[in-house]
Structure formats: structure tokens, C-alpha cells
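Visitor: What follows is the residue order along each chain.
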Amino acid sequence: NAGVTQTPKFQVLKTGQSMTLQCAQDMNHEYMSWYRQDPGMGLRLIHYSVGAGITDQGEVPNGYNVSRSTTEDFPLRLLSAAPSQTSVYFCASSPRGMVGNTIYFGEGSWLTVV
Amino acid sequence: AQKITQTQPGMFVQEKEAVTLDCTYDTSDPSYGLFWYKQPSSGEMIFLIYQGSYDQQNATEGRYSLNFQKARKSANLVISASQLGDSAMYFCAMREGARSGNTPLVFGKGTRLSVIA
Numbered sequence: 001n002a003g004v005t006q007t008p009k010f011q012v013l014k015t016g017q018s019m020t021l022q023c024a025q026d027m028n029h030e031y032m033s034w035y036r037q038d039p040g041m042g043l044r045l046i047h048y049s050v051g052a053g054i055t056d057q058g059e060v061p062n063g064y065n066v067s068r069s070t071t072e073d074f075p076l077r078l079l080s081a082a083p084s085q086t087s088v089y090f091c092a093s094s095p096r097g098m099v100g101n102t103i104y105f106g107e108g109s110w111l112t113v114v
Numbered sequence: 001a002q003k004i005t006q007t008q009p010g011m012f013v014q015e016k017e018a019v020t021l022d023c024t025y026d027t028s029d030p031s032y033g034l035f036w037y038k039q040p041s042s043g044e045m046i047f048l049i050y051q052g053s054y055d056q057q058n059a060t061e062g063r064y065s066l067n068f069q070k071a072r073k074s075a076n077l078v079i080s081a082s083q084l085g086d087s088a089m090y091f092c093a094m095r096e097g098a099r100s101g102n103t104p105l106v107f108g109k110g111t112r113l114s115v116i117a
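Keeping their order, the protein sequence lines are chains A and B.
Each residue of the first sequence is one higher than the one before, starting from 1 at the first, in our numbering.
Each residue of the second sequence is one higher than the one before, starting from 1 at the first, in our numbering.
Rather than coming from a laboratory, the hints here were simulated on the basis of the structure.
All C-beta atoms in this analysis are idealised placements derived from N, C-alpha and C, irrespective of residue type, glycine included.
Among the hints, a few may not be true.
Said to hold, decoys possible - With beta-carbon atoms standing in for the labels, derived distance ranges:
no.: 1; chain 1: A; residue 1: Q57; chain 2: B; residue 2: I46; range: 21 to 31 angstroms
no.: 2; chain 1: A; residue 1: W110; chain 2: B; residue 2: G10; range: 14 to 24 angstroms
no.: 3; chain 1: B; residue 1: Y64; chain 2: A; residue 2: D26; range: 22 to 32 angstroms
no.: 4; chain 1: A; residue 1: R77; chain 2: B; residue 2: G43; range: 21 to 31 angstroms
no.: 5; chain 1: B; residue 1: Q8; chain 2: A; residue 2: E59; range: 15 to 25 angstroms
no.: 6; chain 1: A; residue 1: A52; chain 2: B; residue 2: A18; range: 39 to 49 angstroms
no.: 7; chain 1: B; residue 1: G10; chain 2: A; residue 2: T86; range: 20 to 30 angstroms
no.: 8; chain 1: A; residue 1: S84; chain 2: B; residue 2: G43; range: 16 to 26 angstroms
Could you build the full structure based on these sequences and the hints that come with them?
Guide: Written out as C-alpha cells, the structure reads:
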């Protein structure tokens, strides 16, 4: 059971380049989300999805795109990378239903934009 | 709107002593869940403990306990008998439940705990 898998783990981008952070889970979870973590800011929600075909914006969605074509995958796209998007990105998933359902996190993706 | 406040950016504790990490929250939803996560220097998010808003007793998990004071909207994490391996970043987070667990997990800014030998 792989859990939540994020790729790549490390990436360096040039300003203006585009890239996709991949997130996949094999637990058939309906709920998936993307966070970014910056020093002193905690984890801030970028986008989330409650099921295939359904996405919604979080606290800091600007500069990021998501789609959810399958239950398993929830990619995060940076259309034109900016230095302000240098951060650690976490993907998370959980089943729908009870508020206390376990939330599973990926190991994180370290992104540097130069 | 929900909000999590952790007022202690950094804390020091002597090995084998107990330490309390503060967390206050704000929500108008009567159904919610409170979570604590540990993030060591390696970066992964490790789930520690959960408290539901309707739970009658404070949650405990080994050396971790949650001091839940609903009227004060606080959910402090207590770590007993601190160990060097407890040195890490600790996050308090909340999820509202009115929409059957569909609301996102919202995090506080975290507290960095350093355990001193």
C-alpha cells in the first residue's frame, strides 16, 4: 500500500517555466488537497477536491491550477513559475464522511524557483 | 471562517519534563475535529492525536494528551516525559464537520519545540 505519492521530491525551475507536481493515492479516497508550507506560515491550502471532476480553491490559489479527472490523481500545475512559489508542497488525501477521518500526507515536494 | 492560533513560535523543554503547546481555534460549526501533527526536520507530517468536538473525554495517545477546553476554544497538546526525539515542529489543525468531512484541514503556524538534554 503506497499511500500518497508525490513526485518530484525536489525541483528547480526558472522564472516563467511551467511544471506539474504529481499526487497519486491508492486508497480510493474521495478527498484530496494541496498545501504549501513556508517558514513561519504553517501549511496553507491551495486547492482541494471532494471527488473526481470537483475542485475548489483554498486560501492561496493564485498561480496554481488543478484538475481531478480520476479518483487516484490530483496534479498541481504551475503555469508560469515565480520566485514567490518557492516552497514545500504537500498533497493530502482522506475518505469522505466523518470529520475525524484519518488524513494521509505525501512526503512533500521541495520546489525552488530562480 | 475557521481559524487556528498557535501563539508560541518556539519552546524549549528539558528532557524528561512535560511541555504544553498552546492552540486556540475559532469556528461557528458545532461539529469539528482538532488534530495535532509533528513535523521533524526530515519534513514528513506525522499525525499525533485527534479530538472531536463532541468527545466527552480528552484524547490521549501514549505520551501525548490533548487538553480540550471547549468553552475557551482551546486544544493544547501536552507531551509528557519529553525525549530528544520530540524536537520538531508541531502543528495544530482543525476541520469542520457540518458538510460531512468535506471541509479542508486548516493549520496554525506551528510551534518549534526543542528538547534539551
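Visitor: For each hint, tell me whether it holds in the structure or not.
Guide: Structure-based check of all given hints:
1. Q57(A) - I46(B): 21 to 31 angstroms: 28 angstroms, holds
2. W110(A) - G10(B): 14 to 24 angstroms: Hint holds: Cβ distance 23 angstroms, inside 14 to 24 angstroms.
3. Y64(B) - D26(A): 22 to 32 angstroms: 29 angstroms, holds
4. R77(A) - G43(B): 21 to 31 angstroms: With a Cβ separation near 22 angstroms, R77(A) and G43(B) satisfy 21 to 31 angstroms, so the hint holds.
5. Q8(B) - E59(A): 15 to 25 angstroms: At roughly 22 angstroms between Cβ atoms, E59(A) and Q8(B) fall inside 15 to 25 angstroms, so the hint holds.
6. A52(A) - A18(B): 39 to 49 angstroms: 46 angstroms, holds
7. G10(B) - T86(A): 20 to 30 angstroms: Given range 20 to 30 angstroms: holds, Cβ gap about 23 angstroms.
8. S84(A) - G43(B): 16 to 26 angstroms: Distance hint for S84(A), G43(B) holds at roughly 20 angstroms.
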